[in-house]
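Q: Here is how the chains run, residue by residue.
2 protein chains.
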Amino acid sequence: MGTVKRLNPLDWTFLAGETRETMMHVGSLSPFTPPADAPPDFLRKLMDEIRQDAQVYSPWNLKLKTPSIIASPLQGWVEDDNFDVEYHVRRSALPSPGDERELGILVSRLHSNSIDFHRPPWEVHFIEGLEGGRFAIYFKVHHALVDGYTGAKLMEAGLSSNPKERDTPMFYSREPAERVARAAEEKVPTLEALMSLAKEQAGASRNITKALFKTLAPGKEKNTLVAPMSAPKSIINQKISRNRRFATQQFPVDRLKAVAKAYDGTLNDIVLALSSAGLRKLMLELNALPDKPLTAMLPVNIRPKDDPGGGNAVGSILASLATDIEDPVERFRAIIASTREAKAQLSGMTKMGIMEYSALLMAPMMLSQIPGAVGRVRPAFNVVISNVPGPKKHLYFRGYKMEGYYPLSIPIAGYGLNITVVSYVDTLNFGFIGCRDTLPHLQRLAVYSREALEELEEALL
Amino acid sequence: MGTVKRLNPLDWTFLAGETRETMMHVGSLSPFTPPADAPPDFLRKLMDEIRQDAQVYSPWNLKLKTPSIIASPLQGWVEDDNFDVEYHVRRSALPSPGDERELGILVSRLHSNSIDFHRPPWEVHFIEGLEGGRFAIYFKVHHALVDGYTGAKLMEAGLSSNPKERDTPMFYSREPAERVARAAEEKVPTLEALMSLAKEQAGASRNITKALFKTLAPGKEKNTLVAPMSAPKSIINQKISRNRRFATQQFPVDRLKAVAKAYDGTLNDIVLALSSAGLRKLMLELNALPDKPLTAMLPVNIRPKDDPGGGNAVGSILASLATDIEDPVERFRAIIASTREAKAQLSGMTKMGIMEYSALLMAPMMLSQIPGAVGRVRPAFNVVISNVPGPKKHLYFRGYKMEGYYPLSIPIAGYGLNITVVSYVDTLNFGFIGCRDTLPHLQRLAVYSREALEELEEALL
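So the protein sequences, as listed, match chains A and B. So for the first sequence, full-length UniProt numbering puts the first residue at 1; every next one is plus one. So for the second sequence, full-length UniProt numbering puts the first residue at 1; every next one is plus one.
Bear in mind the hints are in silico, worked out from the structure with no lab data behind them. None of the values given here were measured: they were computed from a predicted structure. Just so you know, even glycine gets a beta-carbon here, dropped at the ideal spot from N, CA and C. Please note that a few of the clues may not be correct.
[Stated by the list, open to error] Simulated coverage check for chain A against chain B, where a stretch passes if three residues somewhere in it have a Cβ under 8 Å from a Cβ of chain B: (1) 93–99; (2) 237–243.
[As the list claims (entries may be wrong)] EDC-like, lysine to aspartate or glutamate: derived pairs with alpha carbons at most 20 Å apart: (3) B:239 - A:81; (4) B:401 - B:18; (5) B:45 - A:99; (6) B:65 - A:81; (7) B:65 - B:79; (8) A:45 - B:131; (9) B:239 - A:84; (10) A:65 - B:21; (11) A:239 - B:131; (12) B:239 - A:21; (13) B:63 - A:84; (14) A:45 - B:99; (15) A:239 - B:80; (16) A:239 - B:84.
[Unchecked claim] Some chain B residues judged to face chain A by a derived CB distance under 8 Å, without partners named: (17) 33; (18) 37; (19) 43; (20) 44; (21) 91; (22) 92; (23) 93; (24) 94; (25) 95; (26) 99; (27) 113; (28) 116; (29) 196; (30) 238; (31) 242.
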C-alpha cells in the first residue's frame, strides 16, 4: 500500500545507530513444556499451518521505506506487499544433548545475525530438540519497530492463559488490540522510557546527540543536580564486536524477597547484588576487576515530590555495585545503602528535575554511539541493569506451558554488557547479554548469580 | 604477529565488492554416512577435542589488518593472536524429519549470514540430526582468503581416503602441504581462473573495473573477436537481496555420460541441458520465461592453436540454453550445437586471443558490481554454470563416509543464480544457489533437473 508511516525521532535514533557491531534489535527467549497429550510432530504441523495462513497485521507487516539508506531523514514504514512468512517464522533445532548450554549457544548466534531491513524487521524461531520434549521460542525485533516491552506485550497476544486452548492464532495474525496499546502506555521503568525522557529534554530537535551535548556542557544551564559518579574503566566499557553471548537464570521471587527483606533491602537490591557477585567473580578470574566499584544504572519508578496525585514518574538511579568488597553480606549492605541514597535524592526532586537528571545520566551512553567517541566520552556508569514487569499469569502456546521469559537487550559501543530481568508469575528471569569478545565466559554470570544467592541465604542461617 | 601479507589485486576485488546484499563467501556442503561402529555422541566428543587442541595454520589463522575499512588499499592479512576456535567450528542440528529439505533450509540460512571480518573469515558447521544417523559439514570461507577450488583442496586435507583412519586432524590443524599448493596451481576451469585472466588483461592496475571499461570500449583496440551474444533480460538478472536459497542434486556420472553420448554431446552439455530444463520449467511456472533463449557462460579448458606442447588454457564459452524450445530432445541438440560452435571458435584462437575473449565476457559481470550499474550494463549472459573437478577417491571423516560434495558459489548483483557442479568419484554434484527473493522456489531446479534426465533417457528407449 502507498501509505507511509513516519518514524518518531526516538525510533529513528535506533536506526541511525545501527552498525555491523551495534545491532539495535531486542529479543526474548521462552522455553515451553509439553502437555501430557502433546501431539507428535507438533512443530512440523505448526509450520504447515503457518504456510497456509499468512494473515499479518500491523506492526508485523511494516518494513522500511528506504532500506538502502537506513538513516534517511525521510525514513518511514510501509506495508510489505510480498510478506514472506517462511522467512519470518522459522524452525531450528538444538544439537544433543539439547540442554540449556546448547540453547544459549544457538540463541547467542541467532542474536548475532543482523536484521534484514528489506523486510519487516522481525523473526521468530521455534527451536526443537530441548531435553524432555520441550521447545523454545526465540523472538527478535528491531527496536525501531517496537521497543522490547511493547514487543513482548504484542507477542503475548499469541499466547493464552488457558492450557486447554489449542487454536490461539499466531501473534502476528491478531488485530492490534486496544488492551495491548494501553498496556504499552503504562509507566514502566524501561531503558526506552528513559531514552524518551532524554529525547524530550533534548526538545523537538531530530538531532538528539547535538542537544545532549548542550545538556552536558557545564555552566550554561542550571545543572545543579548531582553529577554522575565517575565509573571505573573496565572490560565491559570498550568497543564491541558484532557477536554476542547470552545466558539466562531464573529465581523464585519469594526466595529473592526473603533474602532482600532479611537484609532490609528491596527486590531491585537483590537483583543488583546477584549481578554484582557474578561480575566480581568473573572479572577476578579474567584478572580484570577494577579497584573502584563498578556502578550500574537502573531505570526506576519514582514518586516526585510535586505530584500530589501520587502518580509515578520514570527516572534513573545510579548505584554502586560494591564490587570492591569481598564479603558478600557487606557487599549487599553497601548496595542497599547506595540505592537508598540515590532514591532519596531522586524523590526529593520535582518531576522536571527527575527528567533532567535522567537525561543527564543517559547522555554519555547516547554520546558513546558517535563513531570514535568510545574511550573519550567517560562512561557515567558501567552497566545498565533493568527490572521490567512481565506476565502475571502462566501462559500457554497451544497447551505448551511457558516456563520462563528471558529478555535479550542491546549491548552497545562502550556498554558491552546488559542485564535485563523480567518477572513471570512467581519467578524473576535474568537475561545476561554481552559482547562475545570483550566479555569472555559471560555464561558464568548466570552460574555465579545463583551461587551468590545461596551464599547470602547461608549467611542468614 | 606483526607480519602483514599483502592481498593480491583479485582478492582485494572480492573484498571491495562485499555489500550487505552481495556477500563474497563461497562454501560447500557434504553429508556423511556413519560407519557400522559409529560411536554415540561422535560430534559432541569431537567438539570437546576441538576445544582442547586449537592448533591452527595458515591460511586459517589469518584475519584482515583493517577490518573496519574493508576496501582499504592498504588491506592485508595478519595472524589472529586470539584465535577463537569455538567461533569458527560450530555444531548445529536439523529440525525433524532431518531430510534434505530441512538441510537445504538450514544451509541457505547459514550461507545468508555475512562473514565477520574481525576474525579469520571462515566457519565450519557440523550439522547433526540428518536421517539415518548421518551428519553434514557445511563450510564457508570468504573468497578473499581462498577461492572455492583451493579452499576445497585445503579442506580435503582434513579427510582421509582410508575408512579405518579415525584420528585425522582437523583441516585447519594441518601444516600447509606442498601437494595442496601444487594442486591449486592446476589449470582448472573455474570462475576464479577466468577472473584472474580478466585481471591480467587489465594489466598491473589495481583498479580492475577501470581497465575493463577500456577493454570494452570499441574501436580503440584490436577487438575483432565475436562480441558476446545479447542475453535476454530475466528475473535472475536483477538486483539481489542478501538472502539465499540453496538446493542440491547428485547424479551418477555414468548415467549422464550415457545420455550425453547417445546424443553425441559431452558431459558439460548434459549439465547445461539439465540446468536449462529446470530453468525453463521454473520460469514458466513463475510466468517469467523470456521469449529469447537464456544463455550461460561456462569456464572451460581449451587447447589453443598456438600451443605446440598441447597444453591447456582456461577460457570461457557462451552457450545457448535453448530455453525457447519445448521439446527436450530438440533442446538438448540445440545446446550441443551451441557449445560445439563456441568451442570451435575458441580453439581457433591463440592463447592471447582466448584470454582477451574471456576478459571481454567477464567484463559486464564485473562492471555490474558498480553501484547502480545493474539494469544499465547489459548482461552478456544470464547465468554462470561451472563444472569443476573434485575428489577422485571416496573420502572419510574419521570413518564417516562422505556421500557428496555440493558447492555454494556467489550470486551477485545482476547474476542472481549460480550453478556449480563438482565431480566426486563417480558422481556429479550440483549446487544451485540464488537470491531468495528474485528466484522463488529455487529448490525446484534440483527436482526438475532430475526429471529432465529421466525425460532424455526415456526419449532414447
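Q: Of all the hints given earlier, name the ones this structure violates by number, lowest first.
A: 4, 6, 11, 12, 13, 17, 18, 26, 29 and 30
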